[in-house]
Amino acid sequence: MGDDDNRRRFVLLAMPHAGAAYNLARWLTKNDQDAQDVVQEAMMRALRYMGKFHGDNARAWLLQIVRHACFSWLKENRPAERTFVDDSDDSLENVPGPAEDEPHTMALRKAEHLEINQAIAALPVAYREVLVLRELEDLSYNDIARIADIPLGTVMSRLARARGLMRTALMPGGRPVLRTVPRSINGGSGS
Amino acid sequence: MKANIEARQITAFVDGELDLETQLEIEQRMRVDAELREKIEGLRQLKATIREHADYHELPAALRERLGTWIAAPVAKPATPSRAAVLIQRWWGWRPIAASLALVGVGALTMNLVTLQLTQDDRLVDEVVASHVRSTLGQHLVDVASSDHHTVKPWLSSRLDFSPPVNELHLPDCEFLGGRVDYLNGRPVAALVYRKGRHIVNAFVWPSAGKDSKADFSIERGFQTARWSQGSMTHWVVSDVNREEFKSIVRAVQAADGER
Numbered sequence: 125m126g127d128d129d130n131r132r133r134f135v136l137l138a139m140p141h142a143g144a145a146y147n148l149a150r151w152l153t154k155n156d157q158d159a160q161d162v163v164q165e166a167m168m169r170a171l172r173y174m175g176k177f178h179g180d181n182a183r184a185w186l187l188q189i190v191r192h193a194c195f196s197w198l199k200e201n202r203p204a205e206r207t208f209v210d211d212s213d214d215s216l217e218n219v220p221g222p223a224e225d226e227p228h229t230m231a232l233r234k235a236e237h238l239e240i241n242q243a244i245a246a247l248p249v250a251y252r253e254v255l256v257l258r259e260l261e262d263l264s265y266n267d268i269a270r271i272a273d274i275p276l277g278t279v280m281s282r283l284a285r286a287r288g289l290m291r292t293a294l295m296p297g298g299r300p301v302l303r304t305v306p307r308s309i310n311g312g313s314g315s
Numbered sequence: 003m004k005a006n007i008e009a010r011q012i013t014a015f016v017d018g019e020l021d022l023e024t025q026l027e028i029e030q031r032m033r034v035d036a037e038l039r040e041k042i043e044g045l046r047q048l049k050a051t052i053r054e055h056a057d058y059h060e061l062p063a064a065l066r067e068r069l070g071t072w073i074a075a076p077v078a079k080p081a082t083p084s085r086a087a088v089l090i091q092r093w094w095g096w097r098p099i100a101a102s103l104a105l106v107g108v109g110a111l112t113m114n115l116v117t118l119q120l121t122q123d124d125r126l127v128d129e130v131v132a133s134h135v136r137s138t139l140g141q142h143l144v145d146v147a148s149s150d151h152h153t154v155k156p157w158l159s160s161r162l163d164f165s166p167p168v169n170e171l172h173l174p175d176c177e178f179l180g181g182r183v184d185y186l187n188g189r190p191v192a193a194l195v196y197r198k199g200r201h202i203v204n205a206f207v208w209p210s211a212g213k214d215s216k217a218d219f220s221i222e223r224g225f226q227t228a229r230w231s232q233g234s235m236t237h238w239v240v241s242d243v244n245r246e247e248f249k250s251i252v253r254a255v256q257a258a259d260g261e262r
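Which chain is which? The protein sequence lines are A and B, in order. Add 124 to a position in the first sequence, counting from 1, and you land on the number used in my numbering. Add 2 to a position in the second sequence, counting from 1, and you land on the number used in my numbering.
It is possible that part of the hints are untrue.
[Said to hold, decoys possible] Covered stretches of chain B (in silico footprint by chain A; criterion: 3 or more residues with CB under 8 Å from a CB of chain A, positions within the stretch not fixed):
id, region
1, 9-22
2, 48-61
3, 68-74
4, 163-170
Hints were generated in silico from the structure; no laboratory data involved. For every residue, glycine included, the Cβ atom is placed at its ideal position computed from N, Cα and C.
Next comes chain B alone, as it looks inside the complex:
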């Protein structure tokens, strides 16, 4: 009598890893099957608990340093030097100048990366606004259209290399339209889309190493933008609503994220 939904299908369901057909089938079944609903709710709880409490072991400073030294001095001897390695070492021994040039090269690469980072930051606000405009002009507003964050979050998590905070906003006349995967700052990011009145709001999220920071508001080509860091995530919100409404939206995003 009990439906034949296997444990592994339920597990794949909460991970958003089922094919669309099975996903919908289970969603449908959930409406009538309280037991299934509880199982799924339990799994979601378990997932949330693990994600919240399990240690993510950060790279120790010692290892970071070791790796940095090693990659900057690439001819470090292997444990059992092969004939070729010995030759290379000898070559390096005779060519200290070449070796230092190589170091300069690595240094220059690092410098280039730093400069690149800076210009990227400058360009980012342009990218954010462009992405917002594109999304409102084209048909590609959302990839996953749902007002339920339980649907949107796993969908995004399974397509990104991180799990973005996904929340409905508790604001009057504000609707959660869904999410899509976008490309900003040289990486795939989550875009959450809301409608406030007649205006579209794009909220972009991706992981960042920075500390929490307050929202930094600015107006770019007539669009309101805000950026901040919260919970190891970089947030950008952009919309064409008026300034006051925009502030209340940003506050609602921050509050919803803080509640998680």
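Chain A extracted, bound-state conformation:
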């Protein structure tokens, strides 16, 4: 009953975004094998939900399901990753980016591949996901809000925060410690 129809729609609408699904899962789980498993599970779930999808943005719809699967996986397997982030405006005042002690010519050190990847991987997952959705998946704030299930304003704050953290990590003479001890990225900032 409509099963074939759903499968046809799935092949046409969801399958083309399997690449995006994997990229997101790979960045959230931080390893290939688990990302593959999470994506496969999410695709199965997506097929089951296909009949209920009537929107026009299959990519955001699929990524929402994938993101949910990733967070379930994190909850089970990396409970420490699920940090609570402070989205209040106060926390934004402390965006580490435009710190007073840094010159405003924010010349980035000639950051390399590896360094950029490590800096993204070191971000708390709540910031990492918005950054990946924006810069790698090129999604609109509206789509990101829907996928990450947060208000539009929070998308903005988290992106600002994520970029601040990235900039700090990549600043000239920045924090070379990042390479070896990613956690110390927040070290010494007090609270």
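Dock chain B against the given chain A, drawing on the hints supplied.
Frame of chain A, contents of chain B only:
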């Protein structure tokens, strides 16, 4: 004293996600506020660096295959088979013919998609020329009128599911008029509009999986067209300029894109 532009507004500004009023307000402020200008420039640099260097993890072949097998054989058992699933499985077990018919159905669907793709390619040049003609006839030449690619690119990126290369062309008597979102090849694409002399040039861009390829020139209903792939993007350029000028425009688009 420092103006109260919040960090998140600046972030939304570089993403082209602000409402028009705030966007213009910040643009205005940038002219007088060097510090703000530097902040924004820094953010743009950061964005560009991340986009250039961060890994985009491609779908592994193994997973692609797994998904392909799974979708072609949809009755794969769930981890904990429900009663209904067991019934379905039993049904399938009794109906190998039905199962193979279903496979044939999926195969036919794939074939249809392939054929569809081919006819689409044939139709594409028509679509491109039609879109060009429409844009020059109607009032809808550009959605975002600006000669600054820093304005046009974020505007387009925020309305498309990809970030198109947007460049001014270094050619005499050539003006960058702006961009619009168009619909070609069954998908939203970026259209960049230039004026060369008195002629309008439309340059269409959308993502494609193909390898880089050389420009393929042809004349369609009197319009010069060129298509090529570069940096995982399909490019189509169309205009009614003469052949020589058209070639120099295509070269300029390719060079500008290569510089990025």
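The hints, checked one at a time:
no.: 1; hint: 9-22; result: holds (count 8)
no.: 2; hint: 48-61; result: holds (count 12)
no.: 3; hint: 68-74; result: holds (count 4)
no.: 4; hint: 163-170; result: holds (count 3)
Of the numbered hints stated above, none is contradicted by the structure.
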